[in-house]
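Given two chains presented individually in distinct reference frames, assemble the corresponding complex, making use of the accompanying hints.
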Amino acid sequence: MNRRALRKLKNAAFLFLSLIATMTGLACLGAILWTLLSHGLAGMSLHLFTQMTPPPGGQGGLLNALYGSGVMTLLGILIGSPIGVLAGTYLAEYGRNSRLSTVIRFINDVLLSAPSIIIGLFVYEIVVVRMGHFSAIAGALALAILAIPVTLRTTEDMLNLVPVGMKDSSAALGAYPWRTTLSVLYPAARSGIVTGLLLAIARISGETAPLLFTALNNQFWSTQLNAPMANLPVVIFQFALSPYKDWQDLAWAGALIITVTILILSISARVILSLLQAERGSGR
Amino acid sequence: MIPSTKPPKHLKMRAPRVAAPEPARDLGPPKIEMRALNFYYGETRALHDINMTLADNSISAFIGPSGCGKSTLLRVLNRMYALYPKQRAEGEVLIGGRDILGPMVDVAELRYRVGMVFQKPTPFPMSVFDNVAFGLRLVGGIRGAELKSRVESALRDAAIWDEVKDKLNADGRSLSGGQQQRLCIARAIAVKPEVLLLDEPTAALDPISTLRVEETLQALREKYCIVVVTHNLQQAARVSNVTGFMFMGDLVEIGPSNQIFTSPTDRRTDDYITGRFG
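As they're listed, the protein sequences go chains A and B. Here our numbering is used: the first residue of the first sequence is 1, the next is one more, and so on. Here our numbering is used: the first residue of the second sequence is 1, the next is one more, and so on.
Derived from the structure by calculation, the hints contain no laboratory data. Treat the numbers as computed from the prediction; the structure is a model and nothing was measured. A couple of the hints might just be wrong.
Covered stretches of chain A, as calculated for chain B (at least 3 residues, CB under 8 Å) [said to hold, decoys possible]: (1) 173 to 180; (2) 195 to 203; (3) 251 to 262.
Per label pair, the in silico range of CB-to-CB distance [said to hold, decoys possible]: (4) B:Val107 with A:Phe49: 37 to 43 Å; (5) B:Asn169 with A:Ile83: 30 to 36 Å; (6) A:Ser274 with B:Ile208: 27 to 33 Å; (7) A:Ser274 with B:Lys167: 35 to 41 Å; (8) B:Glu215 with A:Lys8: 42 to 48 Å; (9) A:Ser18 with B:Met248: 50 to 56 Å; (10) A:Pro163 with B:Gly144: 28 to 34 Å; (11) A:Arg105 with B:Gly91: 50 to 56 Å; (12) B:Asp99 with A:Leu161: 44 to 50 Å; (13) B:Glu43 with A:Thr24: 51 to 57 Å; (14) B:Thr265 with A:Pro163: 39 to 45 Å; (15) B:Met104 with A:Arg190: 33 to 39 Å.
C-beta: ideal position from N, C-alpha, C; glycine also.
Looking at chain B on its own, in the form it has when it is part of the complex (with noise of 0.2 Å):
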């Protein structure tokens, strides 16, 4: 018999890995739950059957190589796409159970329920106060002493407070990158969201900025259901619980983060947490 030339697994060599997270702990009650989901660019499927289930105070992270679908699963989750002609969305989504692709669903108030945050920091063209109040002052009957405190701790939520404290009536596009980012946080859950989406959150940062805000991350996943897309893989291991691996458009697996990051089950995951490609 010839020996295999393949090293046993548990002896293969792997990329130096950052400190595995927290181990999985409790997680909350399932919030995201999605069936067959299939999305369509015109004729073009970029996402394939996904079926999951995401859990309520906690960090879920989706990464994968540029063009595998993850940011499409983001945008589906506060029906972004439906801003731009010709996407649509096949399947099921329930979000807190109920249902989000259906006819009948008010999309305004789905992304009252689920805030968003971009790659690209997007301070609207008002003061750091306005920027904050923007989504309360929507619903309306939100005013005086307590809108300012609802800004307050959504400042304070997103780490951002004592820096901005002084200048609450400065133009929010005069903070620097990283301040803009987690005024944009701040922005997303001063009205409470059931669900915060980023989409590549620190992309556009430099490291420090990058470290703030995924501790504002940390010190929110208590209260949020946050759904994370990274690029940056060490980002994923740091502040995620779960991850989940996404390749041309189909779910490759998904587990407790220290699980994906150390011991994946699937070839291509392995593959590209290693840096083989991607």
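For reference, chain A alone in the conformation it holds in the complex (with noise of 0.2 Å):
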């Protein structure tokens, strides 16, 4: 066999080991989307978004679960990502060669790949033991801390984009290193920053494992922040597991919920990311 052929067979080869290793990662997914539609469409229902969660054998909803994952995502978002915003300001315009930055960023790292359990435990040593019970708040802290890592590489990553130029535009007309950074750095990376922000919570408000320790959950409707507090991943942590056919049902549906919001969020990310690159390129 001469060269060429040899080439094109390799060729040929490996075009068909990524189109295999491709259909394996879709067909995953769909599998995935599949299991999870026709489990959960079955359990959808008004009573979902009306009712408290049940007790085994009683009809209910997962509405308490719901307002609750909202109350702590939302909660989560506003501690943690004005300091991932901030800090990633600093590593990118402030701090950018300084021995400082170095470590902020490996300590970054590290905590974006940390496992999140490990995130629910340290909350529970610092505030629910000192609290003496689980809370609300105990959980949102957890999520907060969960989304720094990711607003803080995202802020960074986005800043460094900004062409040099503009910023070097700003200092030559007498601007501090502050103003330029709120009246054009900010705004030139605002799609990838709010981007972030968004992936960020499309991050926490599926996370289970920190809040197992930290909001626990709770069978009622409750509004206190001090207080345990219902959340979608526990409730479905809790009656997945159950021997309970009606329980398994609302799993099922909760999965759903989580998995189609974060769809939202992750395509919305993108459709507002390509609208504001539209609208720079066409002016107006």
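This is the structure we're talking about:
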């Protein structure tokens, strides 16, 4: 066989292997979505959004869990994202070459890949043990700690993508670095930073482990932040492991709701990005 | 006696030249003075003992091959280099009689007095109006009708008013490349700086846009002390009153542009402008 034919054969082989790998990945995703849809849709009803989690055998919904998840995710983002965005700004604009930045970047990478159950245990020790009981605020703190590394990394990356000339131009007009950051760099990197926030929300809204040790769960309607609060991931965890058919159905429905929510968040992140880019391209 | 093989100097062949610029005219009073200016990137010396005086109400152009230090020279004049670590200038530079290199100099105030336009257009992510108003708002105290008229006159001076007057609210980044660069010029002159620095302002533009920017510079020369760095020799010959040739960190010679382009005194200048290197 000549070299040319051999190269063609190699190319075909690699193409085939890549295709197989892609197909496997997509097939897994498809299977997960299909299972979720087939089981989850059966449990879908208006009750989900109007009634509390029921005792075994009773009729009920997921209202308290949906509310709790919403509140804790929102609080988590409100606490975590300012820290992440400001720290990312420091790394990209102020401490670009300092030793401290290298250390922060390393710790952030560790935090980014740390198992979320460790974060849960950490907040358990720091907050739950001291307070003496589980609470929604402890859950929000755990989620905030998870949101920080995501927003930090995307903010730093997006600020680094802003052309240096833009920063220099602002400085050349006599602007101090803080003014340049607020008026020029943040607007220039806006779409990227917003995408980072949406991704952080998507990341923390499905987390179970950190909430298990912090917010725990609540069978009843509660809006108190210093008391245990229901939330979707832990409800799914408990209900799915239970032997009761109606609880299992609720767990499937809850899983579907979370998945769809995260899907919508991710897709809107992309849509926002492309819309902003289109706007930039055409003006007006 | 063996006759020299070299032709007499006045008969030497020259590359075709662009039309000579207007003869040396009365330039304004001295605006920028440099004495024994040295510049370092870390250990590397990029400028060697530069001494010169640049006049107000004129355009001074600096030419020379890449890496000769002409952009560095520009970045000294508004202390742009101070944004980067390990870069330092030694010597004395006066603008309008005031020292700019001293430790007590307020760099933001200096940059307010010395505007700069970069090689690539850098419109900010905001409307055309806000781009031009950016510097004015930094100073503060200019609002409402006054702000509007200052923005309009800056856009008129930069010869872009007619093109953008109906889209002042459009994003500055939506303009064409040439318009963006004139917008950046408008932004720089809106605060009425004493000196305007331009670092290869047309290198990223097409010929038509280049022409417009050059016309803009011509119109601005009566009001400002303009310093422009360019790779484009014809451009230097077209727009400048004074041209300086730089080579390997030295200011080889500086003089009225028509003299530099027709009868340079230094061999290296002659070689460069006739296209023997560079």
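Going through the hints against the structure:
1. 173 to 180: holds (count 5)
2. 195 to 203: Per the Cβ count (0), the hint is violated.
3. 251 to 262: violated (count 0)
4. B:Val107 with A:Phe49: 37 to 43 Å: Since the Cβ atoms of B:Val107 and A:Phe49 sit about 59 Å apart, the hinted range of 37 to 43 Å is violated.
5. B:Asn169 with A:Ile83: 30 to 36 Å: 35 Å Cβ-Cβ, so the 30 to 36 Å window holds.
6. A:Ser274 with B:Ile208: 27 to 33 Å: Given a distance of about 32 Å, which is inside 27 to 33 Å, the answer is holds.
7. A:Ser274 with B:Lys167: 35 to 41 Å: Violated, since A:Ser274 and B:Lys167 (Cβ atoms, about 23 Å apart) do not stay within the stated range.
8. B:Glu215 with A:Lys8: 42 to 48 Å: At roughly 58 Å between Cβ atoms, A:Lys8 and B:Glu215 fall outside 42 to 48 Å, so the hint is violated.
9. A:Ser18 with B:Met248: 50 to 56 Å: holds, 52 Å
10. A:Pro163 with B:Gly144: 28 to 34 Å: holds, 32 Å
11. A:Arg105 with B:Gly91: 50 to 56 Å: violated, 38 Å
12. B:Asp99 with A:Leu161: 44 to 50 Å: violated, 38 Å
13. B:Glu43 with A:Thr24: 51 to 57 Å: holds, 55 Å
14. B:Thr265 with A:Pro163: 39 to 45 Å: holds, 41 Å
15. B:Met104 with A:Arg190: 33 to 39 Å: holds, 37 Å
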